[in-house]
Amino acid sequence: MSIGNGRWQALGRRAVSGVVVLGSLTASYTGVTFWQHQRQLSAAAAREAREEAEDDPPVNPFAAHHGKHLIAFVITASDCGWSTQPATMEAVGSIRAKLQSAHGGAYAKVSVVGIGLDKDLGAGLRFLADLGQGKVDRAFDQVIVGGSWLNEQIVRFVWRERLADAASPQVILIERPVNTEAYLSASTIGVESDRLLANPSGSAEIVRWIDLGLPLDFTPMVPVPSVPQERPPQ
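Counting the sequence shown from 1 gives a position; the numbering used here is that position plus 58.
Bear in mind the hints are in silico, worked out from the structure with no lab data behind them. Keep in mind that this is a model prediction, so the values were computed, not measured. It cannot be assumed that every hint is accurate.
Calculated lysine-lysine pairs in the DSSO-like style (CA-CA distance at most 30 Å, straight line) [what the hints assert, rightly or not]:
1) Lys126 to Lys167
2) Lys193 to Lys126
3) Lys126 to Lys156
4) Lys193 to Lys156
5) Lys193 to Lys167
6) Lys167 to Lys156
7) Lys177 to Lys193
Working from the sequences, and respecting the hints, build out all of it.
Now the structure itself:
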């Protein structure tokens, strides 16, 4: 009986081993089959993506910006008495919306850039936000703050190109031809020289320019008041 039992036990162990081996082979086959299936799916997805890319050529993200741009640069400062007058702040804060409404149909892009002369960047940014009723982007599309009368845009417009005098507040309105057609093919954007359209300077002139509908051919009153605008120290 003991010998018979030993044989049955040996046969049982071999049977179990066979089942384990068969199970392992089945699992391995299933795993390989699943991996091959996933690989085929990935290859098919890649082919489909390539075909879609060929069917849908890349889109130029700057296509809508091809043409003439109208840009108003607003020079102001939180420590400039005339810039902080309520009437001036209200007028400056309205330029972005009114400029778009008045001239948006004639230009590829209309934008307003705030130039804060404050040496204290925090104070300058807070003041520009105040002009937008707490949000900078309500009044401006771009801002550059700091540097006082060596602010990079002041250096460009006032000291280098002489498009405007050193005064605050003022608006420098320019027209700029922009060519975006070669952006996809050559990764470049063509930008031509700016043309000065209008330069209302001082609180009264800015308010008057806005009241007239922000004309592009705005002519300052004669004589142009030189006081009390903020100017750099001599």
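For each hint, the structure was consulted:
no.	hint	in the structure
1	Lys126 to Lys167	7 Å, holds
2	Lys193 to Lys126	27 Å, holds
3	Lys126 to Lys156	18 Å, holds
4	Lys193 to Lys156	17 Å, holds
5	Lys193 to Lys167	21 Å, holds
6	Lys167 to Lys156	14 Å, holds
7	Lys177 to Lys193	20 Å, holds
Hint compliance for this structure: every hint is met.
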